[in-house]
Each structure stands twice: as structure tokens, then as C-alpha cells.
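Undergrad: Spelled out from the first residue to the last, the chains are:
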Amino acid sequence: MDYAAVVILEILYMISFIALVSAGLAVVFGMMRVINLAHGEFVMLGGYTTLACQRAGIDLWFSMLILAPLVVGLVGLIVERLVIRFLYGRMIDTMLATWGLSLLLIGIVTLIFGSSAVNVPTPIPGYQLGAYQMGGYNLFIIGVTVALYIGMWLVLRYTRLGLIARGAMQNADIAASLGYNPRTVYMVTFTIGAALSGFAGGVLAPLTGLLPASGGGYIAQSFIAVITGGAGAVISGTLASSVLFGAISQIVSFASGPVLGDIVMLGLAIVLLRLMPTGISGRFFRNSQ
Amino acid sequence: MRVSRRDFLGATGALAVSSSLGSVGAFAQGKDILLGSVLDNSGNLDIYGKPMVMATTMAVEELNAAGGLLGRKIKAIQYDTQSDIALYTKFAQQLARTDKVDVVHGGITSASREAIRQTFKRANTLYFYNVLYEGGVCDRNCVVTGTTPAQAVEPIVEYAMKKWGNKVVILAADYNYGQITAKWLQHYIKERSGTVASTDFFPLDVADFGSTIAKIQQASPNFVVAALVGGAHMAFFRQWAASGMNKKIPLTSTTFGVGNEHLALSPAEGDGIVIAGNYSQEAQTPANQEFLARWKKRFGDTKIVHEIAVSQYQGIYAWAETVKKAGTLEREAMLKAVESGITITGPAGTVSIDPKTHHAALDIHLMEVKNQKLTIINTVKQRPPSDTAQFCDLLKNPNDNKQYEVKI
Amino acid sequence: MSEAVVETIELTKRFGGVTAVDRVNFRLGERELRCLIGPNGAGKSTFFKCLTGQYPLDHGSGRILIRGNDVGGLRPHHIVRMGVGIKTQVPSVMNGLTVMENLWLAARRTHGWDRCGSEVQRVVDEVGLGDIARRTVGELAHGQRQMVEIGIVLAQEPWLVLLDEPAAGITGAEVERLVSLIRQINQTASVIVVDHDMEFVRMLGTDITVFYQGAVLMEGHVDEVLADARVREVYIGNRA
Amino acid sequence: MKIWPSIGQMRWGWFLLGAAVILLWPVFFDTHTPTILLVWALFALSLGLMWGYAGLLSFGHTAYFGLGAYVYAIAVVNIGESTVPLLLAMLVPAIVAAIIGAMMFYGRISDVYMGVITLVVSLILFKFMSATAGDKYAIGDARLGGFNGIPGFPVLNVPGLPDVSLFGVPMYYVAAVALLGCYLISRWLLARSFGRVLVGIRENEARCELLGYSVPAYKTAIFSISAAMAGLAGCLFANWAEIVTPSVFSLRSAAEVIIWVIVGGLGTLVGPILGAMVLGMLKLLLSEQTVIDNSLILGFILVVVVLAIPRGVVPALQGWFGKRTRIRTQRAVHVRARRRVAAPAPGRTP
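So the sequences go chain by chain: A, B, C and D. Heads up: the first sequence begins at 67 in the working numbering, then just goes up one per residue. Heads up: the second sequence begins at 260 in the working numbering, then just goes up one per residue. Heads up: the third sequence begins at 263 in the working numbering, then just goes up one per residue. Heads up: the fourth sequence begins at 13 in the working numbering, then just goes up one per residue.
One chain only, chain A, in its complex shape:
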């Protein structure tokens, strides 16, 4: 019985994990049709920002919840100004340029921090669940993810920013008709997307440890979740695919091992893309956000 609860919590954690690391990519992809292959490195940068701030004596919570998204958002802004804005409408070129960017960022972080694994202390102790000892921080991540998605939904639904965003998602001209330069909308979107990635990286840092190359581990999962989710409905699509992939990969992990979990998840992604070439949201959530 306790074990069932443990399994369910781990599944929830995996779903949250995927949803959390996918959020930034989903926003950028959903609104700009830009697939940012440096997304994993933005997450990684969030982690290193947290680490650097924490080492500098800044409060850990403040570092991961506020500073990490700020710093990575700024990096995103710079990247958008220097690279991405020249490539709008050229999807494959954007993918290539951001891929180059990801290598570049890995190199820079390696130069600064070295390529050894480093860690941020875990600020929440474990707790007892029946006979089992559980990571308290995992609960925090589940909570943060839920809060993040509710927040995103509220912003999209009830604010002027959200209105513009929803307009841009359907058609870039709508933003223009509302009196906003689409280029500005893109710039802001990319910055917000980067900030969300940095947020995810900051929050996850205490749990996973940091390597310059650890972005690669995030990109595959979030890439697949977002693309499978589809561009039609950022929140519901990404959530749906996170739930699907998170649950399945964790169930398979429990049944056999983590490797098979990954492989089953990837295989499933191929099947889904074949069956639903416009993603889950293209099929089921046509008119929501």
C-alpha cells in the first residue's frame, strides 16, 4: 500500500519534471514556431546561476526562484537580439543556429566552471511515508510545477499580455492588429521562454547536480514532449504529453529499469507523431490554449 503511494508520487514527480523542463521550450515553440535546441543549455545555465549565487552567499531560495530566471532571461534576450531575430521564418536554420549556440554555451560554462559535476545543497529534508523514506524536495518540485502551470494559464487567460500571446499563437498578424510590433512580441516571448527554462534549471539543480553537458539530458525529453504536444495549445498540449510520457516512462522504470523507461518513451513518441502529425493538441485541443 505504501509502495503504491511511493510509485504514484514518483510518477507525479516524473510528470512534473518533464512539464517543468518543457515549459520554456513550449512557450517559445508555441508562440514563435521556433525550436530552440539550446533550451537544455538554458536549463543548465539556470542551475549554474543558482550555484554561483549560492556560493556567493546569496540565499538559495532567492537564487533559484528569482535570480536564475532573471539571469537566464537576460541571456535569452541577448541571444534573441544577436541570433534568433535574423532567422524568423527559417525553422531549420533556427534549429541549426540554436544547436550551435548550445555547443557554444557548453564550452563557455566549461571554461568558467570546469567540467566536473558540482552540486547545490538540497534545502528540504526527506520525510517518512509509511515504511518509506521520500525526498521532500520532490514534493516541492511537484508543487512548483503545478503553480507554474496554473500561473501560465491565468496569465494567458486573464491578462492583456496573455491576450497578445494567444493572438500571436494563432496568427502573428493578430498581435500587429492589436497594435504591437510582432518583432517585439517575439523578443519578449523568447526572453520569457528563456527565463522559464532558467527557472526550471534553478529549481532542479539541488536534485540532479550540474554538469556543463547536462543540458543534453533535458533537451531530448522536453523536445519530444513539446513537439508531441503540438503547437496549437501550449499548456494543454505540453501537459498532456508530459502526463503521458512521465507516467509511462516511470511505470516502465519501476517494472524494469530506467533505460527501458527512456526507450519506451522515445518509441512512443515516434508512434504518436506518426499517428498525430500535428501533435496531441492539434488533435484534441484545437481551440483551447
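By construction, these hints were calculated from the structure, which means they are not laboratory data. Values in this document were obtained by computation on a predicted structure and should not be read as measured data. No residue lacks a Cβ here, since even glycine has one placed at the ideal position from N, Cα and C. Incorrect hints may have been included.
Below, computed lysine to any residue pairings styled on SDA-like, alpha-carbon distance capped at 20 angstroms [to be verified]:
hint, chain 1, residue 1, chain 2, residue 2
1, B, Lys666, D, Tyr149
2, B, Lys661, D, Arg155
3, B, Lys661, D, Asp147
4, B, Lys359, D, Gly180
5, B, Lys359, D, Val181
6, B, Lys583, B, Gln377
7, B, Lys290, B, Glu589
8, B, Lys334, B, Glu580
9, B, Lys506, A, Gly202
10, B, Lys661, D, Val89
What the simulated footprint calls covered on chain D by chain C, stretch by stretch (three residues with Cβ under 8 angstroms from a Cβ of chain C suffice, anywhere in the stretch; the number is not a length) [to be verified]:
hint, segment
11, 207-218
12, 225-236
On the provided structure of chain A, position chains B, C and D as indicated by the hints.
TA: This is chains B, C and D only, laid out in the frame that chain A set:
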């Protein structure tokens, strides 16, 4: 197209310059003894490789300062393999065929060793592997100065089973080191009539151990042995501590500390992990203290010194001793010298090469992590590589070229 | 009764809740030239795309017979291979290639390697593309690209030709040239032209099928159709 | 043929000069490093053929390179003689690509999704191969070895003579002949109707369909041919490295080949070859120093090339030095090639 061809010629021209530079350099200093090394100085294994590269540099400098070998200077040719196996084979061939070095010290993971060992054997280049590993390599051309399971794994099992009980969970890295070490673990545990509740393998890029930790709790063993390797696997120790398991089920490891993992974990997270190995910076021997002082003078920071850096350092000294004894750099004579028994004293104690297996008998410490330090619980002097010795006798079968595994 | 070149029986096409084509029975005879007209949204383009296989046919929603063969469910390239030439609404040409290269690809489908060169030359002459034969199609004006696409259809030597709005973007003298080209095509092939340019349709001077709200409103010769009160009302009323 | 200027013509003079340089190289210089450069060039050629002429970008083309390497290693360990393994190393990737290609192309999957699926295929292979260290993972006598890969398999031998191994200079010639041969085959394919239809498909898929060409069949065929070439390159790589590890399936090697091709230039065959040789050489030189991180430089090059010379170096040079007509067609061709893969926005299908 015309221009692109010119481009091509330009590139190949550069190539010619670079390759001829290499051979000209080697020729001009033809009297130097050439010591090659292939180690991961960058990439995700550089936590192991960087200090080994430094140790190589330091050992060669010290030997040269003491007059070199056979009256000749030693020149180190070190290549960075960037944690990429393909570069190992490339540079191994370069060392053996182009640079024509007299000896090679290198390789970190067992995967990298197996990628290059045969190259050196074919090229008749003496090869030293100076890293703890899963044991069993029986190759006359290859000298091993790192620990094997009989030396560093059995003491853990012995100590932990006596102290905590006989139900064990094994977690191991999913490549030959982890696979074979897990077999030895199972062998030693069964020998002491213990039970292995489960054995799980993890590819080097796995960083999420949530389901694993839950499964371990379900199995509720008396203790856990972790033979995990590399940066991503560090996450296990963190997640283990984050869930509070470090207070509940004792944890031991065959690899912890080798990459200075104890420094990356906070005291609260790392304390209590039991390991066994050849080296602790805390060892109060004069040899170790002097070694650390020299390191500090040369590189500044001694924090990063770990067991396999010391192993590499000792390996080079053992080879130097071999050359002195042989009086020549001819491979056969050096091997004869190895087989006559070589003994040196290094920072980690006495290293004596066993003529039958070309492995080293070493001093082994049982250690516990306390406040980011590897505190020595007890020490066994000159523990022999008895695992490999079960199968391997190079004096009798000099042409043996196999890696033996324990049968369970 | 002679075999029809094209025949649809109760052809129906729905998109979601909208019925774009509603139980259309249509028949095109040998060497016949027929115009499909109708106001925007009348279903003529949808009907056309059903014929070409661009819109797959739903199960149980009528049949399409081309020379007696049921082609419902076939993909466009299968239909084309029967000897059907298709020109789509938006000029669909290979923009990065030259005019001659475009024609070559069209000719190669029906002709052997050795004959393609002379076929391309024939079409260039017939359509009057000589001046632009070596230009990259992407650089040409809209009307010129329309003519290139007609040329592509010609190069296939089809016995059934389906043209969707061939006159769009073509002006003055070019229209006359187009009309004579279509007549020429009609010498060897049955032709369906979809267009709503009345002037152009009048110039073709042929039989007409009028679509309205997904169904056939009436059929007849151009003069009697254009004189019909219902057609005038539907057409002009809706266009205004 | 006068009708077809868009596909670069075979220039025998330059080809013979290039071939002469490659074939005479071992007379003067060391061959170990040049061998791998030839192998990488072949790999880049395989992707350049498919991407540059058919407009199909496989993000995970390294899957077929790696499959070639693994198939060779597994087969040669079991068989001993290298001729059949060499053929299998081309055949198996070709079949796998044909299956995956048919699944994608007959399913009308858009270009971006094709990118995702091809990448995921190589990720799956990477994960799977990394997890095969246990001794239960063996095919015949060959243990897959997980992260270690398969070391110490017999290298290529003279067909029929298992004892006469080809390594060193003979191995270099094998790679040289493979590269030159595949180049000629690619040229031949492009000069046939097959190649022209591919270019047509790149330019306008719907039009080719309406001309009666079976677009999915053509795409599947070129994907399969390209995979066979990549497999051959992988097999040669295995012979050069004398070990096969899962890193052949890694994201990094997937990225590398794309960088070589895009830097060298799309819509040419010599571009990818030169791109691979120059950047491959750069990669090797960089690993002999430890000051600057290797990935930093590669990343920088990729970003700069995409921004500054999106056509790639060779077409840009051709543009500057070639005849005016050539410039125009090359540019137009190229722009189409990029735009075609760029245009469709997923999730917005009508």
C-alpha cells in the same frame, strides 16, 4: 569548384605541416625517453583525468630533476582524449606508430583500456594501466598498478556484512567495470552466505534515481553497495541523501572518493559512506605528506589529488624502477625486470608488482567519509590481487591475452 | 450510351459539419470541354480536388469513375498516371528550376529519356515560352508561371485535362492565347476548366455546369446558362 | 544536357585532380589521420546528397553511420571474413532507413517532424546500445558491450583471404575508393531522371505528385541510398578506430555531420566533402590542445555560418567566382532548398 579545390589543397597542406612537425620534433630530441599518456583532460570524465595528467607531469619533472633515466631525459607526450573513446584509439595508434614512445601510461575507464590495450600489444609498446578496475586482465604487455576487487571490494563486503547484516543491494555502472565488479560483489557476498536482494545497472548518463531509491526501500537491505561512475551518477548520492535514506540504510561504494565525490557532497550528505581503497589524503605517512607538499608547490591546490592520480604517479615510478633494473628501454628486458619483481614506495604505501599477474600488491585502507574527508578505519598492508591470480599466470602462459571474469 | 470520360455518382464531401459537395452527379464525354462555374464557396474547387485525388474520398460518399475505373481512394499520382493532366488553382511549379527543367520533369513521366528533349522543345513552341525557356521559374511574373503550368500539363500528353482557374492573373492578349491553347488541348483530350471569370468562360464558348451551395444548379451551353435568371441571381447576387 | 543547368555538372578535370591528390597522398605523407577524414567526408556526402538535392534533413543521420559500424563489427566477429559484413553494413542501414522512411513519407509527415523522428531513432539506438553491457546482450559470438562497445574485431581483409588484413595504407585506399566511388554514384544518380525528380520534389512536392511521380517512393529511395552510404562510412570508421562504441549514435556526432554539411554547402556534393575534411581536421587539431574547449569552437562556427553564409562556403565561393548564370541558379536552388524545409508551421494545417 576551382576555388574549393584550392581550399582543399590548403587544408591538406596544413595537415602535412602538422604531421611532419610531430616527427621532426621527435627526431630532434631522439635521445629523450618518450613516455606517452592518453587521458581525459576534458569532457565528462575529466574529474578523473585532470589530476592524473598533473600527476604525470609532476612525476616526469621529478624524475628529470633527479637526473632522468639511464642518463637520458624523459619527455612526456600527453594527449587529451576528451572523454571520447574514438580518440583513445586514434591517439593510441599515434603514440605507438607515429611517436614510437617507449612506454604508455594511460586509460581511465575500463572501456578506454580495452580500446587501446590490444593496439599497444600489437605494436610491442609497454603499457601501464594505473586505475582501480574490475580485475582479470591477463596480458604480459600490460602492467596494472590500480586496485582490483579482491583488494578493494572484498574488504568492504567483509566489513559491512559483519557490521550491518547479510542482505545487500548492488547498484553498478552499466559497462564492463560495473558488470564485472557486480559479479565479484555477488561472489564475495555469497561466499559469506549473504543474499543479494537485487542488482541494478545504470548507463553513465542516468541521473534520475527516484524509482531506484523506492525499489531499494522495498527490498530493505542491510546495506547498499554502489559501483557507480561519473558525473551523472553523482546524482544518486544526492538523491539518496535528499530522501533521508543516508540515515536509514548504510551505503558503501567501490568508487566513491576516486573522483573526489566526497568534496562535492556536503558533510550532511556524504558522512557515513564506507569505501575501501589504496589512498587517502589523510594517511599520515611521511611519503604522503611530502608528496602533497610537492604537489602544493607545483600546482597549488592539493584538494583534487585522488587515488588514481596517486596511482598514475606510482605507476610511473614503478616503470622508472623497471627501467633502472633492466638498464635498457627494450621492451622484452623491461618485461623481464617486471617479472623479477619490482617494489617501490609511493604516497599510498608500498607497491610491489606481482610477476605472475603483472598486477600490484597494495596497501588497502578501509575508510569512512567524515566531514568531506576520507578517514581511515583500518589498513591492510600488501593485499595481493588474488582475484586475477586465480586465473592468470603469465610466467607459465606468457601468451595469454584475456580478461577473466569470476563465474557465479 | 458511350462511356463517359469522367462520371461522378452521388459525390459528397464533408468537412466537419459543412457539406462542401452535396450528392453531385456529373458526366463528361469524350473530347468534351466543360467549364465549372459558381460563386465562391459553391463547391466547385472542392469538387475539382476530389477529382484529382487531393481530397481523399470518405467511405460511402459517392463514386468517381474515370473511363469507368473507380478512382475514389487513389492518390493524385495514381490518377495522373492514368493520363490525366492537372493544373492547380495557385500556380504550382518548381520555382527553383528553369522553365525547360519544369517541362522536362513533366515530359519524363510519359516519355522515354531520349524523347524528352524534343517534347520540351515542342511544348516551348506551342505555348510560346521561347523567350523565357532558360529563366528560373521563380523569377517570372504570375501570368508567365500560369502559362508554364499549362505547358507542364501539355507536356504530359494527357487525354483528360483538369484546369483550376487557368485565367487568374492573366491579361489581354495572353487570355486569347490561353483560350486557343485550351481549344488546342481539347483536340486530343477532354477538358474541365474551373473558373469564375465570366469573360473568359464566354470566350471558351462551351458547355457549363453551374455549382451552387455544393450542388449542381444547372447545366447547359454558355449562352443559355448566362441567360438563365436563377444563375444571374445566384451569381450576381452573391458576388455583390 | 543543355536542359538541366541546375544540378551541378560533372567536371572531370577537377574530379581527376582531386582523385589524384587523394590517391597519391600516401606516397608522401602519413595516412592515419587522412583516412578518417575520408571516412567523415563520405558520411557528410551521404547526408549532403539527401539534404542538398532532395531537401530532406535527417537530424539523426548518425544512426545509419552507427548501424553500419555495429553491423560490421557484429557480423565480422561471427563470420571472420570481412566481405559479407561489409555488404551487410550497407544493406542493414539501407533496409532500416527504408522502413523508417516509408513510415514517415507515406504518412505525410512534415519536415520538422521528420527531423524529430530521425533524431529520436538515433537517441533510441544510443540509449539501447549504452545499456547492453550485460553478457546476455550478444549476437552470436559478438557481445554488444554497452558503453564499452565492441573492441578488437577483425579489420577488413582482401575479399576471400581472411588472413590478408587491410590496415594502414591499404585501409586508406579502401576509404579513398569508397569516397570517390560514392561521389561518382551520386553524380550519376543526379544526372538520371531519378536525381532530377528529387530536385523537383525539393522544389515542389505537390507538383511532382500531380505530374504522376510517387513522391513518398522517391523520398524513401533516396533516404535508403543515403543510409547505405552512411553505413559504408560507419563500417570504414569501425575499421579505422578498431572499436565501435555507442558514441557513434550520440547527439554530438549527429550534430557534427550536420555542421560539416551546412558549412561546406547545400546543393553541392563537393561542399559536404570539404566541410567534413576541414572541420574534421580542426576537431583533431583542437584535441591536441587543452586551452580552448572543442565544443565552443564548433558551436561558434555553426552559429556564424548559419547567420553569415547560410548557403555554406562552397556555394558562396562558387557564387563569387562562377559565371553569372551559375550564381543565379545556384542561389535560387539553394534558397528553395532552405525555404522548403523552413516553411510549414506545424499545428496549423488547414
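Undergrad: Tell me the hint numbers this structure goes against, listed in increasing order.
TA: 6
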